[in-house]
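Chemist: Going down the list, the protein sequences come from chains A, B, C and D. For the first sequence, the residue numbers in the numbering used here are 1 to 77. For the second sequence, the residue numbers in the numbering used here are 78 to 154. For the third sequence, the residue numbers in the numbering used here are 155 to 300. For the fourth sequence, the residue numbers in the numbering used here are 301 to 446.
Treat the hints loosely; a few may be bogus.
[As the list claims (entries may be wrong)] Derived pair list, reagent style EDC-like, types lysine to aspartate or glutamate, alpha-carbon separation capped at 20 Å:
(1) C:K261 to D:E348
(2) A:K53 to D:E370
(3) C:K232 to C:E290
(4) C:K160 to C:D291
(5) A:K53 to D:E366
(6) D:K306 to D:E361
(7) C:K261 to D:D345
(8) D:K407 to D:E418
(9) C:K261 to D:E361
(10) B:K131 to C:E216
[Stated by the list, open to error] Stretch-level coverage of chain C by chain D, calculated; a stretch enters the list once three of its residues show a Cβ under 8 Å from a Cβ in chain D:
(11) 163–176
(12) 181–193
(13) 216–226
[Stated by the list, open to error] One side of the interface only, derived from the structure: several residues of chain C facing chain D at Cβ under 10 Å:
(14) T213
(15) H262
(16) A266
(17) I267
(18) C270
(19) V274
(20) R276
Since the hints were derived computationally from the structure, they do not count as laboratory data. Since the structure is predicted, the reported quantities are computational estimates derived from the model, not experimental observations. Glycine included, every Cβ here is placed at the ideal spot set by N, Cα and C.
Given next are the chains, with one letter for each unit.
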Amino acid sequence: MPLTVSLFGQLSDITGSNIIEVENVIDTNSLINNIKERFPLIKDNKFAVAVDKKIIRENTLLTEQSLVALLPPFSGG
Amino acid sequence: MPLTVSLFGQLSDITGSNIIEVENVIDTNSLINNIKERFPLIKDNKFAVAVDKKIIRENTLLTEQSLVALLPPFSGG
Amino acid sequence: MEKKPKNIFISGPVPAAFVGDSIQKHSTKTDIGAHSIFLGQVRDDVIEDKKVMAIDYTTYEEMASETMNEIREAIFQKYQLTCMHVYHSLGRVKVGEISLFVFTSSKHRKAAIQACEETVERIKGELPVWGKEVFEDETYHWKENS
Amino acid sequence: MEKKPKNIFISGPVPAAFVGDSIQKHSTKTDIGAHSIFLGQVRDDVIEDKKVMAIDYTTYEEMASETMNEIREAIFQKYQLTCMHVYHSLGRVKVGEISLFVFTSSKHRKAAIQACEETVERIKGELPVWGKEVFEDETYHWKENS
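Okay, chain A solo, but in the shape it has when bound (with noise of 0.2 Å):
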């Protein structure tokens, strides 16, 4: 299951794209662990996990149509 996820603020700097392709994930911890594998200096950054536009705080399910994003700390204002 090919999912795109949505990356902002320095995580794009880490990975050179606002968009990466994540092969072979269900839930959000292995898509997190699947990216922390490919990108190691992501696990400097804080950030969180947004599924379907919402903040998730547990490990959740994806769907081919799930829309993920990796949200660095805001700093809006």
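Using the hints, position chains B, C and D against chain A.
Modeler: Just chains B, C and D now, with coordinates in the frame of chain A:
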């Protein structure tokens, strides 16, 4: 000792003037009594007394140089 | 810190464009991170079936400027402000027009916001200003702050 | 009550004159007695000996507009507001320019002031927006809200 007293807001509606002269008063209590006798309608109004641009809470001695003002409730802003 | 005594009174309403100009003037103060602004606008209240069309403001000016200086000093003592500006109308201000403009600026938002709110409260409670609510038939009612 | 979803984002800084125009537009809403305005201005902070010259703002727009609608709904539920307007910059905002404009209006001052403050706090904490502080040599530092 003639003293000039300034009145503001609804108080000047009652006296018909922003300034009245009061004779023979030595302190703020006698001043207020004098004014209430001349303008009985003033008794229906709440007001504070300022001497030298400060609101006083207790009876205060007056001199010819005292700046006395009667202030109805404020409504700025 | 800007603490010099100033005349806060202006004749008639505070123009909206004046607020815009005041904000613009702060673009050179590059240590400011937050502005807080309060505006009082004249409402068309209905009192005993009569509609307010304007407020006529008067003041005891000598006392008001002393009181405003005390408020300003106290607020600058309490909060880390970059600057504070206060303008209050005298004379007639029509419904929908602005009669009070309080503008505080600071490095951080908390100081600006709290200083603005406290200044507004103190102005309402302590500044010797009186508003006469004028109805459409030119009769009037003396306003009282709550 | 004005609660319809709106796009809060504008490209580049919020012009000071835009704030003045927004205030002017409220002169026809004659039940308003109080406006509260918050403005965020870009500061020339010094970070590791380098001076900030601008902030580049980006957002996760789909999520931000949902979040802003939730904030708006909650604020209107909690406070007796006549209206609320929020504008946030995207792209580059230079030092001394305005990047956030929050504007609440109400019959009475308490509701306007408290609603404005709470909206600012929620925007700072919940809106998915990121500011990249750009130094004079075009290197940068990702801002983090406190």
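Chemist: So, against the hints stated earlier in the document, which numbers end up violated here?
Modeler: 3, 4, 9, 13, 14, 20
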